[in-house]
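Student: Residue-level listing of the chains:
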Amino acid sequence: MPWYMRIQSISKTAIWVALVVAFAIPLIHPLGMPLNITSATTAAYNLIDSLPAGSIVFQSIGFNPAVDAECWPQMVAISRHFMSKNLKVIYYPYMQEGGMYAERIKDSVAGDYGYEYGKDYVILPFKAGGETAIAGMKDFYTLFNTDVSGNSIKDMPIFQGFRGMQDVAAIVPVTGSDDPVYYVRYIEPVYHTPIVACGTAPLLPVIGPFVASKQIKSTVIGLSGAAEYEILAKVPGSATGAMDAQSMGHMLIVLLVALGNIGLFFQKRAQKAAGVTSNG
Amino acid sequence: MADKIGIYLSGFLILAVYTYLFKPGKVYDYVEHVYVGFAAAQAIILGWKNIRDAAIRPLQKGQWVLLIPIVLGLLLYARFSKKMGYLARLPMAFLMGVAAGVTITGVIVAQFITQVRATMLPLISLNNVVMVLGTASTLAFFLFIPLGKQRGAGREANGFSPMTIMSNLGRATMMAAFGSSYGFIVMSRLSYLVARLQFLLGPWIHIIPR
Amino acid sequence: MRRTVPLLVGFISGAIVVAKYFIANKALSTWGTNVISWRNIVAAFALGVGSINLIQTHLRKMARKERGWDASILLLISLVGFTVIGIAKGTTNPIYKWGFDYLYQPIYSAISSLLAFMITSASYRAFKVKDWQSAVLTVTAVIVMLGAVGVGSLLYKGIPRWSQWIMDVVNTAGMRGITIGGALGAVALSLRVLLGLERGYLGGER
Amino acid sequence: MDKNLALAFLAVFVAACYYGMTRTSKGIHIPIRRVPGLDAIEEAIGRATEMGRASLFIIPSGGFDAQAFAAFDILGYVARQSAKYDTRIIVVNGLPEAHAISQEVVRQAYLAEGREDKYDPNDLLFLSGGFNAGVLGIYEREKIGANFLFGSFYFESLTLAEAGSRTGAIQVAGTANTHQLPFLVAACDYTLIGEEIYAAGTYLSRNGAQIGSLIAQEIGKYVSIGVMLIGSLYLTMTSPAVRSLAGKP
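Protein chains in written order, with the numbering used here: chain A, 1 to 280; chain B, 1001 to 1210; chain C, 2001 to 2206; chain D, 3001 to 3249.
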C-alpha cells in the first residue's frame, strides 16, 4: 500500500485510542494553554453584572444528561454569579430533566450564598407542551400556580408584587434545545426582556441571526463559554480544567482531516500520472 | 455512603456503555434498558404532576371547564383500542391546531419581519455587504419558481444568469455556515467525552488531583 | 364524520389563538388563554402515551421470549420502580434523586459521549475535498475548530479573529437566509394544518 | 405596527395559497425548478441496477412531521424508478407510523408500474430501538448500490452516511435539520438542503395544497430579497459617508 493510501486508512480503534490519550494527558497534567475570552461571553457577563441587586432573573433549563457536559458548568457559574450579585432567581425546567439540575443547585450552590428557597429563588415545575408552554407564559399565573413540589406559589415572598414576565429583568436560558428561539418569538416582542442565551455549541449557529438583530442580547456558548464565564465571574469550576483537553481533541481532528486530504490529493495525482481516469 | 456506592456504580455504568465501541452486546443492552425505563418513568411522573396541578386540583375547586382538556387528554389513550382508535384523532387535531395557531402568532414578527428589517444595512463596510448579499443569495438559492417567462434560458444553461450567480453565491454562503456549524458540533461532542473522562479519572479513581 | 370533526376542532382552536393575537377583545383573550393552557394539559396526557407503548412492547417481548427479553425485565423494573417512587414521594425524594444522579445521568451522558468517538473517526473519513463546495466546508470547519479553543491562537494569532468573523458575519448571513425561509415554511405548514390540508398526522391514509 | 404588518403578511400569504390551489385544481401547470438531487436519484438507481445491487431508503426516527411527509413523496418516486428498472428496494423506518405509510407508498408505486408481483413487503423494515446498529447491519449483509437518506435526522446521520459511503453506494440525502446538514454534505454525493426537500416533495406529488403554499412562500422570498436589497441601497445612499462623498451636507 503506497503511503498516500496508508494515511487514508488509519483504523477506527487507533483513532479512538489516540482520542482518549489526547484527552487524558492534559486532564492529568494541565498544559496551561491560553483561553481567549470572547466578546460575546464578556457582554453576557456584563449584562448580568449590571442588573441591580434584588431584580428577578428567569433561568430556563433546557438541557438533559446528553448535553450536561457543556450546560451544567455554565449553569453553576452563572448561578453563582446571580447569587453573588443578590439577584432573585426563578428556575424553570423547559426540559423534563431540568428540575433535577435545579435541585442540584438547591443542594450545593444556594447554601454557599445563604439563599433561601421561596424568598431568594424558586424552582417552577416542568410544563408539557414545549413551544406552547412558553407562549403561555404571557399569562404567567395561568400557566404556573405551584412550584416544582406542588406548593402554591402565591404566598411565596419572591412572587410578591411579581405580575409576570414583564417583571423579569433578564431571561437566561441554559440549553441544548430551541427554547431561546421561543422566548424570542413570544416574550421578547411583548416585553422587550433582554435574553442572554447560554448553551451547547451547536446552538450558536442557529441563534446567530437573532444575536445580530439584537433580539438576543448575548451568548455563552459551549464548554469554552463556561470556562470563560468561570474566569470572568471568578468562580473556578470544572470547565476551565477541561479546556486543555478540548484543545488537544480539536488538534487531533484537524490533523486527521489534514492527513485524509493530503492522502487523497497525492492519490489523485498518482492516478493521473498513471493515466487512470476516475469517474467519481 | 449511598453517594459513595453511587459514584463507584456510575463509573462502571459508563464503562459498560463504552463496550458498545468494541461490540454492541448484552452489557450495553442491559444498561441502555435501565436508562430507557427511567426516562419513561420520568415522563409519566411529570405528566401526572402537570395534570394534577393544572387540571385536577383546580377542577376540585370548581373550575368545571377544565373537564374539556381532561376528556381530550384521556381520548389520546383511545389509540390503544382497535375499535375506538379513531377517537384519538380529536385530541391530536387539537394539539396540532393550537400549535399551528401559536406558531403563526410567533414566527411572523420575530423570525420574518424583524429578521428582514435587520438585514437592511448601509453597504459601506465589507461586513454589511457580506451580510446583505449572503442572506439574499441564500434565500435566492431556495427559490423554486422562476419569475417571468423562460427568456433567460440560454444564459441560465451557461451559468451566467443573475439567478444562477445568486444561487451559487447562496450555496457558498451556506457551505461556510455549515462548515462553521460543523466546527461547533465537534466542540460540543468532544466535550461530552472530556466530561466523562474528568469523572472517571477524578471522583472515580482519583488520578486527577483536586 | 371521523375526519371532519377533528379537523373542525383543530381549525377552531387554532383560529382562536390567531384571532386573540390580532384582535384586542376581552372574550377572545380569555378563550385564547384558555385554549393555550388546555393544550399544555392535553400535552401532559400525551407524555404517558409513549410510556404505555413502551410497556406494551416489552411485555410482549417477555411473553414471547423474543431476543433481548431479559433486558426488557430490567426496563420494566426501572420504569415501574421509579414511577411508583416519583409519584408517591415526589422527585425530590432521596431514592429518586439517587436514581437520577447515579443511574440515569451517567448512562445517558455516556451514551451521548459515544458521539465523540464517532465524530472523530467519521470526520477523518468524510471530510474530503471533492469540489469547491466541500473545500469551503472543510476550510471553514478547520478554522472554526481551531479558533474556538486555545490552541488556535498558539498556532497563529489571527485564527480566533478569523473564526469570530466567520461566525459573526458569514454564518449569520447563511443562517439568516435559512431562518427567514424557515419562518415562511413554518407559516405555510401551520396554515395547511389549520385548514385541514395537511392531515397525515391523523394517521393511515393520506 | 409590527402586528399590522404581520396581518398584511398573513392575508397575502393566504391569498397566494388559495390562488395556487385553484390554479392547480384547474390543471394549469406551474413550473417548479427541478432540484439537482432529484436527477441524481434516477442516475443512482440506474447505477445500482447495472451493478446488480439493491437500493436502500432510510427514513429516520426524528419525527413524524412535514419532513417525513416530503420523504414519503420522494420514496414514492424512488420506488417507481426501482420498479421500472426492476431493482430491489429496501426501506428502513425508525417510526411505526412511518412504517405503515411507506408500505402503502411502495405498494402503490409498484402497482402504478404494473409490477405488483415484484413488491416484497419483507423488504420494508421497522427498526425500533437500535436504529443505527440495525441499518449498519443492512449495509454489511446486503449489497447496496444506491443509498437514500431523507427526513428529520439527528445524530444518526453521521454514522449512517459515513458507513454508507464506505459501501461504495451513490448517496443522495436530504434534511431540513440544519445541525445535521454538514455531515450529509460531507459524506453524500448529493444533498437536498432544507427547503429543497419540501420542494422536491411538491415537485413529485403535484399536490394542490402544497403547490399553493409553495407559491405563497416564493412570494415571501421574493419580497424579502427585494426589501433587503432596496432598503440597503436606500440606506447606503442616505448614509453620511456617501452623502459627504457626493459633497452634500
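Since the hints were derived computationally from the structure, they do not count as laboratory data.
Among the hints, erroneous ones may be present.
[What the hints assert, rightly or not] Straight-line C-alpha distance at most 25 Å; calculated DSS-like pairs for lysine-lysine:
1. C:K2128 <-> A:K12
2. D:K3118 <-> D:K3084
3. B:K1023 <-> C:K2089
4. A:K217 <-> A:K138
5. A:K154 <-> C:K2061
6. D:K3143 <-> A:K214
7. B:K1004 <-> C:K2130
8. A:K268 <-> A:K85
9. C:K2130 <-> A:K268
10. A:K234 <-> A:K138
11. A:K12 <-> D:K3143
12. B:K1023 <-> A:K12
13. A:K138 <-> D:K3118
14. C:K2089 <-> A:K268
15. A:K154 <-> B:K1004
16. A:K106 <-> A:K85
17. C:K2130 <-> A:K119
18. A:K12 <-> A:K234
19. A:K106 <-> A:K119
20. A:K138 <-> A:K154
21. A:K138 <-> A:K119
22. A:K85 <-> A:K234
23. B:K1004 <-> C:K2061
24. D:K3118 <-> A:K217
25. C:K2089 <-> A:K106
Student: Now, for every hint given, state plainly whether the structure supports it.
Tutor: Right, here's what the structure says about each hint:
no. : hint                : in the structure
1   : C:K2128 <-> A:K12   : 17 Å, holds
2   : D:K3118 <-> D:K3084 : 11 Å, holds
3   : B:K1023 <-> C:K2089 : 39 Å, violated
4   : A:K217 <-> A:K138   : 20 Å, holds
5   : A:K154 <-> C:K2061  : 48 Å, violated
6   : D:K3143 <-> A:K214  : 52 Å, violated
7   : B:K1004 <-> C:K2130 : 53 Å, violated
8   : A:K268 <-> A:K85    : 61 Å, violated
9   : C:K2130 <-> A:K268  : 11 Å, holds
10  : A:K234 <-> A:K138   : 35 Å, violated
11  : A:K12 <-> D:K3143   : 22 Å, holds
12  : B:K1023 <-> A:K12   : 13 Å, holds
13  : A:K138 <-> D:K3118  : 57 Å, violated
14  : C:K2089 <-> A:K268  : 66 Å, violated
15  : A:K154 <-> B:K1004  : 39 Å, violated
16  : A:K106 <-> A:K85    : 17 Å, holds
17  : C:K2130 <-> A:K119  : 60 Å, violated
18  : A:K12 <-> A:K234    : 40 Å, violated
19  : A:K106 <-> A:K119   : 13 Å, holds
20  : A:K138 <-> A:K154   : 17 Å, holds
21  : A:K138 <-> A:K119   : 23 Å, holds
22  : A:K85 <-> A:K234    : 13 Å, holds
23  : B:K1004 <-> C:K2061 : 35 Å, violated
24  : D:K3118 <-> A:K217  : 59 Å, violated
25  : C:K2089 <-> A:K106  : 18 Å, holds
Checked against the numbered hints given earlier, the structure breaks hints 3, 5, 6, 7, 8, 10, 13, 14, 15, 17, 18, 23 and 24 and satisfies all the rest.
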